[in-house]
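> FYI, the numbering used here numbers position 474 of the sequence shown as 474, with every residue one higher than the one before it.
Derived from the structure by calculation, the hints contain no laboratory data.
Predicted model, so just to flag it, every value in this text is computed and none were measured.
Warning: the hint list may mix true and false statements.
Straight-line distance between alpha carbons at most 25 Å, and here's what the computed SDA-like set of lysine to any residue pairs gives [unchecked claim]: (1) K310 / H542; (2) K158 / A399; (3) K307 / T277; (4) K242 / A226; (5) K92 / Y121; (6) K185 / E436; (7) K73 / D101; (8) K92 / N328; (9) K332 / P312.
Computed Cβ-Cβ distance ranges for the label pairs, DEER-style [unchecked claim]: (10) E470 / Q171: 40 to 50 Å; (11) I46 / D366: 27 to 37 Å; (12) G271 / N124: 51 to 61 Å; (13) G552 / K113: 33 to 43 Å; (14) Q37 / N519: 23 to 33 Å; (15) E639 / V473: 25 to 35 Å; (16) S199 / E346: 45 to 55 Å; (17) D366 / D143: 40 to 50 Å; (18) L82 / K113: 20 to 30 Å; (19) E339 / A383: 38 to 48 Å; (20) E639 / Q171: 29 to 39 Å.
Every residue gets a Cβ at the ideal spot worked out from N, C-alpha and C, and that includes glycine.
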Amino acid sequence: MRRGTRSGSAESLTTSDLPLEIEYPTYRQRRYYDKLQRLVRSTDIIDEDTNYSVNYQYDAAGNILSQTDKEGKTTAFEYDALERLTKVTDAKGGITRLAYDARDNLIAVHDPKGGVTRYAYDKNDNRIKQILPEGQITQYEYDAAGNQTARFDASGQKIAYQYDALSRLTQVDYYAADNHQTSVKTVHLTYDVVGNLVSYDDGTTSATYTYDALGQKLSETVDYGAFTVSHSYEYYANGLKKSFTGPDGVKITYSYDENNRLSAIDIPNAGRVTYNTYHWNRPAKITLPGGSQIDLAYDPLMRLLSKAVKDPAQQFLMDYEYEHSPANNITKKTTEQGEYAYQYDELSRLTQATNPVLEDEHYTYDLLSNRLTASGVEGSYDANNALLNYGDAEFEYDANGNLIKKTLGSQVTHYEYNVEGRLVRVTDSEDNLIVEYDYDPFGRRIWKEVEGVRTYFVYAAEGLIGEYDENGVEIKGYGYQPDSMWTTNPLFQKTNGSYYWYQTDHLGTPQKLLDSQGNVVWEAVYEAFGKAQVDVDLVENHLRFAGQYFDGETGLHYNWWRYYEPRTGRYLRVDPIRSVNLYAYVLGNPVSFVDPFGLKVEFVIKNPNYPFEVKPKDVLDLAIRQIRNNPDIMDFFNELLIHKGKNIEDILSGELDCPIKINKRNLFLKFLSFFTGNLSEGQTRWDGVFTGKPWPNQPDKSIALALSLFSDKDSVNSSASLLIHELAHWIEAYALGQIAEQHPGYYDTGNYVESLIKPKYYKKKEKSDKK
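All chains, full assembly: derive it from the sequences and hints.
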């Protein structure tokens, strides 16, 4: 890495931390700055003739005025005199306007179609009301510490929250709209001294969790009422997973090379999965038990170029090739069936898909990514973006925006939801039961019942790991690479004691299932938005798009937080984290993006001076640099650590290990979810990209609890400052034996430390919270 001076020259390597050029193993990235050291261009250099640039412009205060992507598409931003973002103009001319009150609270969002979502706040700047464009109102209440204590949805249903002295959520009560005195469901949660969730009980199911001294989960036991299942983990000293023992008692072990890359997965009675070679940090050759082989190739930007699968006799079973646009959209895919081609509009929404097996697809959209037409089928929407008509189908919704009725000719389907907003019952026009569902406190479906037969679902850090009958007998088991994205790119399915090996596409969507002899036992081709045509079905497979499970009784895909209908490319209920478009799937681009959680994020702003393309080590280095360069933080940490005869340098140098492991990889897997590309809301005046999605390793940390039980709770920590925030909590627990009392003027010590880094953000808080 070459470093330059404040003038931007490259002669000196000592006076500035701004990188001018970064040389990766497969390409170079050149970075250009203005005289104020603001990034104005980032160029990926592939070779002498190929390079792609992203360009930025700023106003005098340093706010981003425009961002132009690698294909020349520009998004523009405007601000008021207080540097608050007030207008966003997308590459297709759609305009979003934002308005604020005198205390900088966002009070209105005017979407590109003219709909207005409004917000109101109490004297402590807590959001107390949301009003959707169609007039539906959601209201909130808070305690003196700023914890949300109640939520009243648009139908009048109430959710109440209770906390302990450390502001940890301990109880959740759900009330029907007509009775706010007697709860219909209560959830209890308990924690250990450092804040790890150790148990929950919702009256139907319960679970317990154990952890080691480093805060790594050792075991999870879930009582379903009818039976109990457990799974457990072991770890290497560097935090990488060493083994996983599933509910079936099978202990799967993981091996890594000297660069901490996965080298083998050993599965008793199945064999070894070997990761023979790598291209930089991606597998290039994988050998499956029985001898089937997977070969993968990548371009210099590490985008998948080809995937070939051969049986033990070296006969091709799968042969995929890909072409990409500069902005990372897939433009062509060639398979053994033929050639697929894709076209996009200015917002990277899919407009055309040619398919060698199925019908070609054509789409148009409104300014909020609602489909206006789909191969001639027209759709219409209300101001909340709820789908009202789609061809001959008609749709009706409740006050909370949940789909409750679908009519297609003489066929009528009714959908019922519980107080938590989760689909629990589907019936036909004669009120005949089609299916029933139930869920754990984190929104994960724990069983479904069809025609009197109940199937239970079991989850681990990587997602769905098993299906069980009512006697606790395994029906199917699932396995993944360690720390995979939630129910994405599965490795195997186990049925009746036999293992079958998934072959997936670039998104992690299953294309084929192979037995150990290389025979294809399941195979499907897909429409662009995920509707499957199953051509081989010797072994049943329910997994579809990332994080999705196909329900044959309804045709829907269960996607953790919501149910997805591939025919319309939409969800049945609104987005729990309240994006601008509450229903649409992955910005209208299912060829290039995934949504394993069912939490689509529409509105993302990124500060280029805090680049998304950083590695975990870069964030760690930045966090350490921010600590060491701030005497107030150093003094504050040392005042706490003196009780143990230690100082902050013992931690920063790695000599004093801590549960959140400032010097190890696991911390980033738990807290820095933006490395998966799952982003939430950000504003340019803050430090960078902010995260708002639960990492798959939840629910053992508070991020998932906040998002599952407080769907509107803000998450405003950038990566490096979040690292420091969590370190502050650990130092409190380590030095004092418990989480310290609130620091005067701030919610907690973690926030106090962050305020020393980001005083501008905390200025408002200091005024309203100091006693």
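> Going through the numbered hints above, which ones does this structure break? Give me the numbers in ascending order.
Numbers 4, 5, 7, 9, 10, 14 and 15 - these are the hints that the structure violates, sorted from lowest upward.
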